[in-house]
Amino acid sequence: MPTYTDMTRCDGCGECVDICPSDIMHIDPVYRRSYNIEPNFCWECYSCVKACPQHAIDVRGYADFAPLGHKVRVRREPEKGSISWKIRYRDGRLKEFTFPIRTTPWGSVKAAQDYEKPDLNALNSQMLAHEPAALHIDALPALKAKA
Amino acid sequence: MLTINPFAALTNFFSPLVLQVYLALMTLAVIAGTLFDVYHKGSAKFFTQRREHSQAAATRPLSSGETFSLLAETIAEAAVSGEFCKWPRRASHLLMMYGFFLYVVTTVVLVFGYPGAAHPPAILPALWTIGASMILAGGLWFFFFLRVNVAHDGDSSFHLGRADLFVGSLIAGAAFGLIWHCLQTAYANAAAAWIVFGLYIFFTTLLFLSVPWSKFAHMFFKPAVAFQRRVEEANGSSDLPSPSTENYIVRS
Chain R
1 MPTYTDMTRC DGCGECVDIC PSDIMHIDPV YRRSYNIEPN FCWECYSCVK
51 ACPQHAIDVR GYADFAPLGH KVRVRREPEK GSISWKIRYR DGRLKEFTFP
101 IRTTPWGSVK AAQDYEKPDL NALNSQMLAH EPAALHIDAL PALKAKA
Chain D
1 MLTINPFAAL TNFFSPLVLQ VYLALMTLAV IAGTLFDVYH KGSAKFFTQR
51 REHSQAAATR PLSSGETFSL LAETIAEAAV SGEFCKWPRR ASHLLMMYGF
101 FLYVVTTVVL VFGYPGAAHP PAILPALWTI GASMILAGGL WFFFFLRVNV
151 AHDGDSSFHL GRADLFVGSL IAGAAFGLIW HCLQTAYANA AAAWIVFGLY
201 IFFTTLLFLS VPWSKFAHMF FKPAVAFQRR VEEANGSSDL PSPSTENYIV
251 RS
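Protein chains in written order, with this note's numbering: chain R, 1 to 147; chain D, 1 to 252.
FYI, nobody ran anything at the bench for these hints, they're computed from the structure.
Because the structure is a prediction, the values reported are computed rather than measured.
Each hint can be trusted.
Result set (DSSO-like, lysine-lysine): computed pairs, CA atoms no more than 30 Å apart in a straight line:
id : chain 1 : residue 1 : chain 2 : residue 2
1  : D       : Lys41     : R       : Lys50
2  : D       : Lys86     : D       : Lys222
3  : D       : Lys222    : R       : Lys86
4  : R       : Lys71     : R       : Lys50
5  : D       : Lys86     : R       : Lys71
6  : D       : Lys45     : R       : Lys71
7  : D       : Lys41     : D       : Lys222
8  : R       : Lys117    : R       : Lys144
9  : R       : Lys86     : D       : Lys45
10 : D       : Lys222    : D       : Lys45
11 : D       : Lys222    : R       : Lys50
12 : R       : Lys71     : D       : Lys222
13 : D       : Lys41     : R       : Lys71
14 : D       : Lys86     : R       : Lys80
15 : R       : Lys110    : R       : Lys80
16 : D       : Lys41     : D       : Lys215
17 : D       : Lys222    : R       : Lys80
18 : R       : Lys95     : R       : Lys80
19 : R       : Lys50     : R       : Lys80
20 : D       : Lys215    : D       : Lys86
21 : R       : Lys50     : D       : Lys215
22 : R       : Lys50     : R       : Lys95
23 : D       : Lys86     : R       : Lys50
24 : D       : Lys41     : D       : Lys86
25 : D       : Lys86     : R       : Lys110
26 : D       : Lys86     : R       : Lys86
Here are some chain R residues pointing at chain D (derived, C-beta under 7 Å):
id : residue
27 : Asp11
28 : Gly12
29 : Gly81
30 : Ser82
31 : Ser84
32 : Lys86
The beta carbon of each residue, even a glycine, is placed where N, CA and C say it ideally should be.
Bound conformation, chain R alone (with noise of 0.2 Å):
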């Protein structure tokens, strides 16, 4: 099911336009609004359904069966580190599941470079570089030496 954009929602931040890994979702030359350019080279990856601060974007099946009146569609809140979800079925139950996805806020994660250089007698140890404090736990078991 290839995206499109709601015109009505879109106030043309252009987030889809960057994240799009297909380069379809470009800004609509009339109405400045996004769009997307070919619908036939969807990956539906929902990846600018996902970033769309607006909830502008939503998918549509082909026109075989996009009239029998099933939707899908989605709300991230990275505030909350969540993503939700509502299917419609075409006999009309709707159900709603809401996934973490992820624990630390929103960039708030350090680029490798942002870490202290570690000790080379590291290298010694059985643990991965920044365990345990990396992994919010006092301690992490280790392998006895054989004799």
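On the provided structure of chain R, position chain D as indicated by the hints.
Relative to chain R, chain D alone:
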């Protein structure tokens, strides 16, 4: 310049009635243009259908008090341009919105309330100038740095399209209005001032006559859409999932 009525000197050349009729015609153009836009796009029909679908699918009918509260929330959001997700877009929109409001209101008051008075209450011409300057600041910021096809699609900053009709004529109208006011204050009856005045009137007329083809009418229908969206989320008919009740951010 900040205390002089920019329209006063014009009454030496033609009757104040000319400007008053011009403003009335521009108001009619906006009303007619918006109604044509609504008819042409079928937006009234679309919103009526959407409202009916929403009412039919509502799982929790709203009381009139709740509806009024949602209306107040929508107005409060529109007043601070809360629908924008990025602060630069929001700041530039606020500058243009309140600048345009000041500019239009003071123009109407000066033309109808003080025709021919070179020195009306000083606050009026000052607000007119501040309003036009705010439009210019917000508009140029948006035009050269924030337009999405410039910032994200990599177009030239000078690329012009139909989507620029509203913001382009707004910026040009405010810019030529300010230049004309400066010129006529410094050099009375200079030929350059009349040329710039012609450009000012041209772009201002373009702004108001181009409503069916520009996004001028967004100031009327955007709040209506935002209100309907709030109603759908409140009465349970929205297709969007409900906001998560759990916060999974447990570490800093």
